[in-house]
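Visitor: Sequence:
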Amino acid sequence: MRAEDQKAILAIALHAAFADGAKDDREREEVRRIAESLASASPAIDLRALYQDVLLKRFGLGQAVSALSDEGLRHYAYEMALGVCEADGRTTAAERRFLDELKASLGLGNEKAGAIERELDPFVAATSTVTASDAGSDNAQLDQSILNYALLNGALELLPQSWASMVIIPLQIKMVYGIGQAHGVVLVLRETYQSLLGPARDLQTRYLPQIEQKAATLDAGQVMAMIRGRQGSPA
1 MRAEDQKAIL
11 AIALHAAFAD
21 GAKDDREREE
31 VRRIAESLAS
41 ASPAIDLRAL
51 YQDVLLKRFG
61 LGQAVSALSD
71 EGLRHYAYEM
81 ALGVCEADGR
91 TTAAERRFLD
101 ELKASLGLGN
111 EKAGAIEREL
121 DPFVAATSTV
131 TASDAGSDNA
141 QLDQSILNYA
151 LLNGALELLP
161 QSWASMVIIP
171 LQIKMVYGIG
181 QAHGVVLVLR
191 ETYQSLLGPA
201 RDLQTRYLPQ
211 IEQKAATLDA
221 GQVMAMIRGR
231 QGSPA
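Take the sequence shown: its letter number 208 is residue 208 in the working numbering, and every next letter is one higher.
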């Protein structure tokens, strides 16, 4: 995959991560800081510049789409955007509008886009089965969302680094922003962000053995099947 294609797909994924309304300038600043801390994961792309271009609308969705002349890459871009929007097990109205706009821009049509969405649905449903005992509470839903992100990001680490980075970076940004929203905090405040690290370490301690056990059973083919919604049986 060309660097131009990687940049376009990552830009589309970033647009997807912001689709649910990161409007506050202070919140945007914190998300920018997180993206900069992850920039080394994708050395072929200036992630800081790309993040700012997307955030400041210098690299719009239409520009990113027009850079993808290959139909297969357009399908892949929609899959990645859909995966980002559905990573927490739900799609907001704003994310749905974004996906509809992206679908039209990519020229996929309802039939092709619907097929992609049906392929991804089994994976979203599968990750949603890992729940806390009190699934109706906000804390249980947040725990489930974090675990879903961890399982998906852990599986993506088995892919070649340039492919994994395109999805992991926006997923991590979306996860941290979602945690901040759930706690009603302004993420730009360093002390507020630090207050999230304690619960995050606790969740890591509780869930890391499950994640390691799950990831150990997967090969690269099964990871791609999970991402595309065709989850294979672990060996």
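Worth flagging that the hints you see were computed from the coordinates, not collected in a lab.
Bear in mind that the values here come from a model prediction, so they are computed numbers and not experimental data.
Worth double-checking, as some hints may not be accurate.
As the list claims (entries may be wrong) - In silico lysine to aspartate or glutamate, EDC-like type, Cα no more than 16 Å apart, as pairs: (1) K103 / D70; (2) K103 / E71; (3) K103 / E79.
Said to hold, decoys possible - For each label pair, taking beta carbons as the anchor points, the in silico distance ranges come out as: (4) N139 / S69: 19 to 25 Å; (5) A182 / A49: 29 to 35 Å; (6) R2 / D100: 24 to 30 Å; (7) A93 / Q52: 25 to 31 Å; (8) G72 / A93: 28 to 34 Å; (9) G62 / N110: 17 to 23 Å; (10) D70 / N139: 39 to 45 Å; (11) G72 / N139: 30 to 36 Å; (12) N139 / E4: 27 to 33 Å; (13) R96 / A182: 17 to 23 Å; (14) R96 / G62: 27 to 33 Å.
Every residue, glycine too, gets a C-beta built ideally from N, C-alpha and C.
Visitor: The structure should be examined with respect to each hint, and the outcome stated for every one.
Guide: Structure-based check of all given hints:
1. For the suggested pair K103 and D70, the alpha carbons sit about 15 Å apart, so the restraint of at most 16 Å is met.
2. For the hint pairing K103 with E71, the CA-to-CA distance comes to about 12 Å; that is within 16 Å, so the pair holds.
3. Between K103 and E79 the alpha-carbon distance is near 10 Å, which keeps this suggested pair within the 16 Å criterion.
4. At about 46 Å, the CB distance of N139 to S69 disagrees with the hint of 19 to 25 Å.
5. Here the CB-CB span from A182 to A49 is close to 30 Å, well matched to the stated 29 to 35 Å.
6. For R2 and D100, the hinted distance range of 24 to 30 Å is satisfied, since their beta carbons lie about 28 Å from each other.
7. Taken as a hint, the range 25 to 31 Å holds for the pair A93 and Q52, whose Cβ atoms sit roughly 27 Å apart.
8. Hint check: G72 to A93, Cβ distance near 30 Å, so the stated range 28 to 34 Å holds.
9. Take G62 and N110: their Cβ atoms lie about 20 Å apart, and the range 17 to 23 Å holds.
10. Hint check: D70 to N139, Cβ distance near 44 Å, so the stated range 39 to 45 Å holds.
11. For the pair G72 and N139, the supplied restraint of 30 to 36 Å is violated, since their beta-carbon distance comes to about 41 Å.
12. About 43 Å separates the C-beta atoms of N139 and E4, a value inconsistent with the hinted range of 27 to 33 Å.
13. Judged by the Cβ atoms, the range 17 to 23 Å given for R96 and A182 holds: they are separated by roughly 20 Å.
14. One distance hint, 27 to 33 Å for the beta-carbon pair R96 and G62, is violated here, with the actual separation near 19 Å.
Violated hints for the displayed structure, listed by number in ascending order: 4, 11, 12 and 14.
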